[in-house]
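Visitor: Under this note's numbering, the residue at position 100 of the sequence shown is numbered 107, and the numbers go up by one with no gaps.
No wet-lab data here; the hints were simulated from the structure. Be aware that a few hints might be false.
Here are the simulated lysine-lysine pairs, DSBU-like style, with alpha carbons at most 35 angstroms apart [claimed, not checked]:
no.	residue 1	residue 2
1	116	38
2	225	179
3	116	181
4	125	236
5	95	181
6	181	125
7	149	31
8	26	69
9	155	116
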Amino acid sequence: MLKAIIFDADHTLYKVVTKNAYAKMFDYISKETGINREAFERAWKNCVKEILNSKDAQSTEKRSREYSLRIVISQFGVGKGISEKAIKNALDIFRKQVLTDLEYEKDAKKTIAALQKKYTLAIASDECEPFLEMKLNRVFGKWRKYFKFIVSCETAGELKPSENYFKIALDKLKIPPQEAVVAGDSIERDITPAKKLGIKTVLISENNTDKAADFTIKSLSELGSALAKVIYCEFKEV
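Based on the sequences and whatever the hints tell you, model everything.
Guide: Structure representation (structure tokens):
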């Protein structure tokens, strides 16, 4: 019997658009530190690339924007007093713009409210929890009204892909894998780890037609009908 849905967040419950946010962040840092804007952006992208290709690729600390910004600003010889203030304000600017540019279905709250009446809803996302809560509140008002808990990168201790997110969620829900469904936008980060644990999966993607998930839908609003198919398949297996 299906009892719970474990959602990914970014690009599942809403879409994150970061182009304007990064532009404003780099503009601010350049203005405050005197570093050439184009040179800083190139150096930052190279720093992130090096981290992704290193043994620290799964490190929640070293994958954070704060860490990479601090590394790059120090490379340009900016004093710590100026750099720390610039980093804090730049990240505030980044987050504010991301929240402004957040895209989501107009009926997202209605869809989640309907699902919450039937199932326990939870979130497993490798976003940092404070910023994740900001985004969820932007879409749903008060996220705790609909979702029982969040498993974040702070909770899991590592980034996705990781089965740990779903193990923790199942433990909190106090249910076996067979009584949960994972809904996410990434096969590598959401679907594959969940299936390894025996959890049914729904891929939410406008373009991906990969058959790795148990079911694939194009939008959040289609999830209710997909879950009906999950339940039907369970009934046939009994």
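Visitor: If a hint holds in the structure, say so; if it does not, say that too.
Guide: For each hint, the structure was consulted:
| no. | hint | in the structure |
| --- | --- | --- |
| 1 | 116 with 38 | violated, 39 angstroms |
| 2 | 225 with 179 | holds, 29 angstroms |
| 3 | 116 with 181 | holds, 26 angstroms |
| 4 | 125 with 236 | holds, 15 angstroms |
| 5 | 95 with 181 | violated, 39 angstroms |
| 6 | 181 with 125 | holds, 17 angstroms |
| 7 | 149 with 31 | holds, 28 angstroms |
| 8 | 26 with 69 | holds, 22 angstroms |
| 9 | 155 with 116 | holds, 15 angstroms |
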